[in-house]
Every structure is written in structure tokens, then in C-alpha cells.
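Number of protein chains: 2
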Amino acid sequence: MTEPKENPLMEKIVSLCKRRGFIFQSSEIYGGINGFWDYGPLGVELRKNIRDCWWNDMVRQRDDIVGLESSIIMHPKVWEASGHIGGFNDPMVDCKVSKQRFRADQLFFAPVIIDRKIVGYVSALESETTAAEMQEQAEKFKRKKAIQGKLEPVQPRDFTEAKSEEIPLIPSPATGEPGSLTPPRAFNMMLQTYVGALRDESAVAYLRPETAQGMFVDFKAIVDTGRVKIPFGIAQVGKSFRNEITPRNFIFRSREFEQMEMEYFISDEDDWAKWHRYWIDWCREWLVKAGIPAAQLSEYNHPKEKLSHYSKGTTDIMFQFPFGVQELWGIAARGNFDLSQHAKFSGEPMEYFDDVAKRKYVPHVIEPAVGVDRIMLAILCSAYCEDQAPDEKGKMESRVVLKFAPRIAPIKVAIFPLLKNKPELVEKAKAVRDLLRPHMTVFYDEAGAIGRRYRRQDEIGTPFGLTIDFDTLGEKGDELKDTVTLRDRDTMKQERVKISELLQLLLPKIR
Amino acid sequence: MTEPKENPLMEKIVSLCKRRGFIFQSSEIYGGINGFWDYGPLGVELRKNIRDCWWNDMVRQRDDIVGLESSIIMHPKVWEASGHIGGFNDPMVDCKVSKQRFRADQLFFAPVIIDRKIVGYVSALESETTAAEMQEQAEKFKRKKAIQGKLEPVQPRDFTEAKSEEIPLIPSPATGEPGSLTPPRAFNMMLQTYVGALRDESAVAYLRPETAQGMFVDFKAIVDTGRVKIPFGIAQVGKSFRNEITPRNFIFRSREFEQMEMEYFISDEDDWAKWHRYWIDWCREWLVKAGIPAAQLSEYNHPKEKLSHYSKGTTDIMFQFPFGVQELWGIAARGNFDLSQHAKFSGEPMEYFDDVAKRKYVPHVIEPAVGVDRIMLAILCSAYCEDQAPDEKGKMESRVVLKFAPRIAPIKVAIFPLLKNKPELVEKAKAVRDLLRPHMTVFYDEAGAIGRRYRRQDEIGTPFGLTIDFDTLGEKGDELKDTVTLRDRDTMKQERVKISELLQLLLPKIR
Chain A
1 MTEPKENPLM
11 EKIVSLCKRR
21 GFIFQSSEIY
31 GGINGFWDYG
41 PLGVELRKNI
51 RDCWWNDMVR
61 QRDDIVGLES
71 SIIMHPKVWE
81 ASGHIGGFND
91 PMVDCKVSKQ
101 RFRADQLFFA
111 PVIIDRKIVG
121 YVSALESETT
131 AAEMQEQAEK
141 FKRKKAIQGK
151 LEPVQPRDFT
161 EAKSEEIPLI
171 PSPATGEPGS
181 LTPPRAFNMM
191 LQTYVGALRD
201 ESAVAYLRPE
211 TAQGMFVDFK
221 AIVDTGRVKI
231 PFGIAQVGKS
241 FRNEITPRNF
251 IFRSREFEQM
261 EMEYFISDED
271 DWAKWHRYWI
281 DWCREWLVKA
291 GIPAAQLSEY
301 NHPKEKLSHY
311 SKGTTDIMFQ
321 FPFGVQELWG
331 IAARGNFDLS
341 QHAKFSGEPM
351 EYFDDVAKRK
361 YVPHVIEPAV
371 GVDRIMLAIL
381 CSAYCEDQAP
391 DEKGKMESRV
401 VLKFAPRIAP
411 IKVAIFPLLK
421 NKPELVEKAK
431 AVRDLLRPHM
441 TVFYDEAGAI
451 GRRYRRQDEI
461 GTPFGLTIDF
471 DTLGEKGDEL
481 KDTVTLRDRD
491 TMKQERVKIS
501 ELLQLLLPKI
511 R
Chain B
1001 MTEPKENPLM
1011 EKIVSLCKRR
1021 GFIFQSSEIY
1031 GGINGFWDYG
1041 PLGVELRKNI
1051 RDCWWNDMVR
1061 QRDDIVGLES
1071 SIIMHPKVWE
1081 ASGHIGGFND
1091 PMVDCKVSKQ
1101 RFRADQLFFA
1111 PVIIDRKIVG
1121 YVSALESETT
1131 AAEMQEQAEK
1141 FKRKKAIQGK
1151 LEPVQPRDFT
1161 EAKSEEIPLI
1171 PSPATGEPGS
1181 LTPPRAFNMM
1191 LQTYVGALRD
1201 ESAVAYLRPE
1211 TAQGMFVDFK
1221 AIVDTGRVKI
1231 PFGIAQVGKS
1241 FRNEITPRNF
1251 IFRSREFEQM
1261 EMEYFISDED
1271 DWAKWHRYWI
1281 DWCREWLVKA
1291 GIPAAQLSEY
1301 NHPKEKLSHY
1311 SKGTTDIMFQ
1321 FPFGVQELWG
1331 IAARGNFDLS
1341 QHAKFSGEPM
1351 EYFDDVAKRK
1361 YVPHVIEPAV
1371 GVDRIMLAIL
1381 CSAYCEDQAP
1391 DEKGKMESRV
1401 VLKFAPRIAP
1411 IKVAIFPLLK
1421 NKPELVEKAK
1431 AVRDLLRPHM
1441 TVFYDEAGAI
1451 GRRYRRQDEI
1461 GTPFGLTIDF
1471 DTLGEKGDEL
1481 KDTVTLRDRD
1491 TMKQERVKIS
1501 ELLQLLLPKI
1511 R
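The listed protein sequences derive, respectively, from chains A and B. Just so you know, we're using this note's numbering here: the first sequence kicks off at 1 and counts up by one. Just so you know, we're using this note's numbering here: the second sequence kicks off at 1001 and counts up by one.
Some hints here could point you the wrong way.
Unchecked claim - Capping the alpha-carbon separation at 27 Å, the derived lysine-lysine pairs in DSSO-like fashion look like this:
1. Lys1274/B <-> Lys430/A
2. Lys1018/B <-> Lys344/A
3. Lys1239/B <-> Lys239/A
4. Lys1077/B <-> Lys18/A
5. Lys1428/B <-> Lys229/A
6. Lys77/A <-> Lys1018/B
7. Lys1312/B <-> Lys1344/B
8. Lys1229/B <-> Lys430/A
9. Lys289/A <-> Lys274/A
10. Lys1018/B <-> Lys229/A
11. Lys18/A <-> Lys1344/B
12. Lys99/A <-> Lys1077/B
13. Lys229/A <-> Lys1422/B
14. Lys239/A <-> Lys1077/B
15. Lys358/A <-> Lys1422/B
It should be emphasised that the hints constitute simulated quantities derived from the structure, not laboratory data.
Please take these sequences and the hints and turn them into a complete structure.
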């Protein structure tokens, strides 16, 4: 579907994710559905760990942040107030002949200029090779039309910049012929449905395009019941939906996705820039704790002229994906726009009463917003690794490893009896499994050579492997009895550890 | 909205849930949206504990069950194969005058019979008093029409049983007059949307009405990648949507809800009844571990003649809600219907290869399906309790307690410095908070008299309270130094515990 075939690293990651049950295309047996993904057994555990770590660090370990789960379908007025009905639009271009639709900012065009005269137009959809493709098209055009003279290098612009007199001259990327493209038109990205018995305007409702509005709409209810004092935050994890025209880059941009958003309310007199910086740093540190190397992260400040009128500043934490540096976590200082809008549209005051200063005001807000899917993809990409490891006979072979941080890894410990046809080994291995399982995710595997079992776990990022062998049973004497081999995924080093000391050794490592 | 005002216990629970931030009406500042609920700070923690306990017991602690998260919007063919497009209908009746719509099986009617002659009809919507209400209507009818003779007791039937010649004679519950009700018509309960650029038949998609189909559609992908062997299960937690015409009983029946479903695949030659019983017992035990008294649970076997043709048996675990005994957890033996349907509609084989018996077959399935919201409501109802407790001066006063099982309670331990204006007490209390917080949810509270602080925690079901007093600081000598008072929510008994022993004392109690 949207797998970038031209990117070998992405291809490997996509293939591993499918092969090992991290990520499947949704409804694959029916040919799939574009922009939707399913998460298999290992994918679910990885996502659960991402969510749980975020929830723990963001809510449970702090005094100043509380949780919320608001419904996906809310009153439609919410989206009038938030501006999503009026403004949540992508400019779209239709091709009247092919019936295809393109995002205007992803459709590029350029005049073909020979001897300083415009002799025609070329176009292409955004990709890593857009410019080269269009240059080639221009050369072909020149040859085909047999025009003599000097061809200037093409200078692609996107379709939002096309002048009305240019539009009829630009070829459709679908047909190669001009004349079929419409001017860009606004296309609302919210998915719409009807709730209730009737199917008319009164029943229209939307699937939320972000979880954030839930926090604003319930702000008063939480202030009234939650014993919170400014500065405080409301955090939520949940699904959102956007009718993206061109879902792409695997799970990076999909139509159904899961967000982790937090609205941090501060006094209108407080220093917003200080809090903005606080949350950028917090998010960066969190990503590093989740196993993403700091060196792969950077910051992008949205230029002032591109910000909404109410926004004081937005910084994106960027990650070096295999398909380019892209937004991972956005931290926006939104002023008091959202609360003020809801006060206006609902008629309910959205003020906070400061009982020390004895004054009422509408709080300002800092919003760190991130997607579970994007973090999952960033973690998969940064964890993916190929190195060399010795096989059974000591010969070096290439090894695929997912170097997940232990706190994020779907399975913490794999447990292997050396041989599956020795009941004493199997029994002992299962006893070790039962000892550890109440405290961490384990995987018991008795099938195949021990080296192959290690490789299977390396490939899914299990940080620790335990082998139960004849020494464990006491065949080499009492000193090694009831010890096991603990293997480290990354260094592949092995050490001998007492079973009775396993828990206290492993527990701090997986937190 | 749908709060059953006539039920004093439900009223108290609904009011507590709102007052303490467990459950809010969705979009309340805009007048709400019928059938949708938001979960506040304590509600979210309660739900997270329900989900995490289920996931842990169902997936992580077992070798034979793996997880899945499939998308809410799937390929529309899925719902053709599952029968939801053709058959997921409620028979609905419209009142042409009031424009109201009723579920036919919730609209009751009866002929008014005087001296063995039908002289008219009465009707009422389903409630606990339907029959009495209709009897009263019949008596009123007799008086109003001044008909002499013996009135027979009314015998209510639901509207699906109304004969076509009766329909024009039955009064609408909205207007009280006959002539405006339509015959029952099928009304599909799936919420529909459009995905992609166009808004035509080709773009129609549905919000899933159950998570179960995800497990069937991804069955092959999981068998191929998950190293699973029959018998095995696939479990999922996630949102589902049904366009219920009459959402009611608080969060019992809503339009957006969260399911925890598991499909357990067994051999076609295995004894399904044995597995069916196994899962019924498992679910009952789980509910008891979650704090629901066994005595409030019962079983209801769907009668054979009401089962779908493919179903071998369905048993519901019922719970005594304040509004009646209702379904809590359904355990269905579904044969191989679902996998066979998807094989037929997708053209993909849905067979499992048994590599010991060397034979292929389509597995049968047992499905325990439950809603997070229903379990949450059952837990709230069974935990709600009013008793007597002494106030500050020893006078007995009434106390509201939520007797949550500690593993489910939103907050495990509340921590109180005896006085908030003694820095040594506050500092020590915060040290205790920081000691416990990495391991459990805690709430630090320094505001108000200690008795009031206890009451506030009782009302939200916090099982343990710790008070840091002057003895903790060593004012009564070394023996009591660094000890705290541990108060039990249910018995209200207090004991003195060493801070250094708190973790090992509390951890086993909250698991």
C-alpha cells in the first residue's frame, strides 16, 4: 500500500514487522484498506509498554497531572468552537478524467522553458525524485515537440502556487495530459457519521481528529471535582481519525491513529516560554528513556508567520526517519484560545478562580502532543540493527537485532531449556518461567538449536535470554546447581546467575 | 439523560461518579450527547486497572493466548461476511406525529377487554412498571369512555408481536393517540462513514460494532507469524460503536463502548462444551477477583430456539444491577461460522494445519466477550456501601464507602501528614509518598481534619490510608520513630507500621 519501496531500510523494517507479528495491514484478506493498520501480538505489547510508560511518567508519578478519557464522538458544536469544521481542511485537486484526487501541496508542476519562452508544463507527485522526474519529462517534451533551443532547468512549485491561467495548462499526473485538473478546493479531514435514528443534518457527528478538545470541554468538570490547582495538566491516550488523502510512510501517517496528548494549564500571568521549554525538554528526555538516541532527535521551531493568530510558539521534536527528518512530538503554546472559544460557543464560563490571589482568569495552555504510532515507528527504526554474530559452529553470520530499551521491549526475558527432550530441563525451565512471569513478560521456547532460539529473540528485541542446562540441574556439582546462563542481547555476553537472585537482578533493569 | 431517576441507589451512584470525577456526561457544556460518556481522573484509573488486570490474566500470564489491536474501521466486506450488514438490525417503530422512534421490543401494547370484547388499546415503553402503568391506562380508558362491564387484567405484548390490523389501533406512547405508529422496520445499528476523497458507495465504511471480527480476519496472519498451536486464543481490548436507539441505564448501554473480547480456537474434534464451561468458570472467577461478590452473579443459558443456526450454546454471566439482573459477560460457542464466512467472502483459506495429526481443518471458537464499561458499572454498584463511622468527636455519622478490591482501586494508598503547617510532618509524608509512588498509585492530601480526609478517600475506594504524626518524628521515643498509622478502609482499624516495612506489607495486598 504505502510502503516506500524505494527505501531499502524501510523495506526491511516493514518486512520484519509483518514477519514477526508487529504490524499487519488492516483487513489484508480483503485486499487491505488504505491508511489503516492492525497490530499483532508483539506490536500490541510494544504499544502497551509505550502507553504505560507515558502514563506512568506523565500522570501517576506526578502530583500535578490527572487523566481523562473522553469519547471519540462528541457533540458537533465542539468542532465548530475548535475551528475544525471551518478550518481543518487540506487543499485538494481533482483530475476530472481519472477521478483521482491529489493534495495540492503534494502535486508539483513547472513550466518547460526553452530559449526563455514557456512552451508547456510538466507535473509530478511529491517523492524523493520529484525534481529529477520533472527534468526528464521536460527533456522528453522538448524532443517530442522537436523544439530547438536551450532548455532551462525545471523549477518545481507546488499546486497551491499555480495561477488560475496556469491550471488548464498543467498536465494531470494521472493522465499526463493538461486540461483535467481543477483549482484547489478545501476538503475537510474529519470523518463524518450520523448518530441516532435519523439521517439528517441534526444527526451529523464527527470522529474526533484530536483528543485535545476533550480536555478543554471537560476543563470545568475536572476543576470542579479533581482538586487540581494551577499549574496542572490533563492527559489522555486515545484514538483519533483524519481522512488523510495520501496516507503514507507505513504507520507514520494513517487515517486511524492513537494520540497521547496533555494540556498543561498555566496562569495567564506566568512565563509561557519557560513552561514551553520545560515540556520540550521533558519530551526529549522521555524519548531518550524510551530508547531513542538523543543524536537522532532535533528541534524545529515553526516560523512566526506560519503560526495561527493565537499561537505563541510551536516546537516540533524531529526524528531522523529512514524516509527523512519528520515531526515526532509537537509542543505548542496555544494561549487561551481553546478555552475562550468553548466559553463563547457553549455560554459556560471557562474561568479558573485563584483562591490565593482572589482573581478569576482563563488559563493559558502548553500542549505536548504525540502519536503512539509515530513513537512506535521511531522506536522500531532506531532499534533496528544488523551486525555479525557467531553461529553454532563459530562461523560469523549476519544478525538482525531490535535494540529496544528493556522498559519498552515487548518481551523482557526468553527462557530456554537446553534440550526439549530432557524432562528435568523442561521442568526446571518452566519453574523459572513461573517464577518470573508475575513480574515481567516472558517467552518460553524449547524448539530448535539454542543459537537459532537466540536469533529469534534478537530479532524481536528481547533484552535477556536465560538458558537452563545440565549445570543448572547440578551435574557439575553444587556450585553451579540452580544457576542459569543469562545472555545479553546487545553484547551477546553470557554470565552465570543464581535462580534465586534473578528477580532482584532483572527487575531494576527492565524499569 | 438516561439516568433512571426512579432508582434511588442508581441515583446515588451516578451522583457520586460525577461529584468525584469518575464519570461525566460527554460534551456536557454543550448539553451532552446521548449515549456517550467521558471518564474523569478516577474513572480513567479504575478503567485502566480493569483493562490491565484482564490483559495480565488473559494474555501475559498464559502461554496460549496472544494479543491483537485491529483497526476500528475495517474493510466493509468484513461486515458483509460477518452478517452485520444484512442482519445487525433492531426492529424500529416510528411515531409519524411526534417523529420519535422506539425499539419494537421495548414498546408494549395490550387490548383493553371489557366483558370479553376488545374496546381499545393501551401502550407503554418498557420499564419496571410497564404492566401496572398499562393496567391503570386501561382503567382510565374504561372510565373515560364510560363503558360498563368487567375489565380483564391487561396482558402486555411487545410490538414485534402486533398484527398488522392491530397497529393502527395502538396508541403512540409519545402522543397517547392511535394511528401514528408505523409497522416495525429493520434499522442497522452500525455507524457509517466515508473514507477517502469521494463520498459515494465506494467510500462507505463502518465503525466496528464488535472487536471480535478483527481476530477472525487476522487469524491467518497470527497463525503464520505468532508460533501458536491449537488450542490458542487471540485477545483484544478496544472501542466499538453501536447506534443504539435507546441508550440507557447510565454506562450500561451506550453508543460508544469498550470491549474486552477473546476468541479461543479449538479443534473441530475437541469437546466444545468442556471449553465452554472452562471459560464460563474462568470469567466468574475473574469477576470475583475483581471484587464482585459471587452471590451477585448468576448464569443464563440462551434457549436453543433463540440461538443463531451456527451457535452451539451461549451462556451469559448475569449481575444484579440496581435496575435489575442484566447480562455482564457473554460466553458463546460459535462453531466455525466466522472463519468459514471469511474464507467464503475473501477467497482466502482459513484452515489450520495440525502437524501432529497431519490434517487441515477450520477451527471452532469459544468467545468470552465483555465490556469495560459494564464491568466498571458492576464494580461500582457492588462496591457502593453506606455504613456508620465515628466522627472527630466519636459521634456516629453515616459514611459512603466504595469497597473496591485493592487490585482494582484507582488509588491504592492515601498519605496524610497529621498537620499541614508542621514542615517536619509534611516533609516526612512526602518522603513516604516518594517511597511508595514508583510501585503503586498514591494520593497525598494535607487539607482539612484527618477524619474528613479519611472520608474523602473512603468515598473513592482507597483501601489504605497512612498518617504521619508526631510519633513518626520520634516524639514518643525510638520505638515509634519512623512508624506510621496504617488505616484499613473497610474495618477502619488502625495499626502502627514501620516505614521501612511498608512496601513489603502493601505490595502483596494490592496485587
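Results of checking the hints against the structure:
1. Lys1274/B <-> Lys430/A: The hint holds at about 26 Å.
2. Lys1018/B <-> Lys344/A: Given that 27 Å is the threshold and the Cα spacing comes to 24 Å, the pair holds.
3. Lys1239/B <-> Lys239/A: Holds. Lys1239/B to Lys239/A sits at ~9 Å (cutoff 27 Å).
4. Lys1077/B <-> Lys18/A: holds (22 Å)
5. Lys1428/B <-> Lys229/A: holds (22 Å)
6. Lys77/A <-> Lys1018/B: holds (22 Å)
7. Lys1312/B <-> Lys1344/B: With a Cα-Cα distance of about 21 Å, the restraint between Lys1312/B and Lys1344/B holds, given a limit of 27 Å.
8. Lys1229/B <-> Lys430/A: Given that 27 Å is the threshold and the Cα spacing comes to 18 Å, the pair holds.
9. Lys289/A <-> Lys274/A: holds (23 Å)
10. Lys1018/B <-> Lys229/A: This hinted pair holds, its Cα atoms lying about 19 Å apart.
11. Lys18/A <-> Lys1344/B: holds (24 Å)
12. Lys99/A <-> Lys1077/B: With Cα atoms ~23 Å apart, Lys99/A and Lys1077/B stay inside 27 Å; holds.
13. Lys229/A <-> Lys1422/B: holds (21 Å)
14. Lys239/A <-> Lys1077/B: holds (23 Å)
15. Lys358/A <-> Lys1422/B: holds (25 Å)
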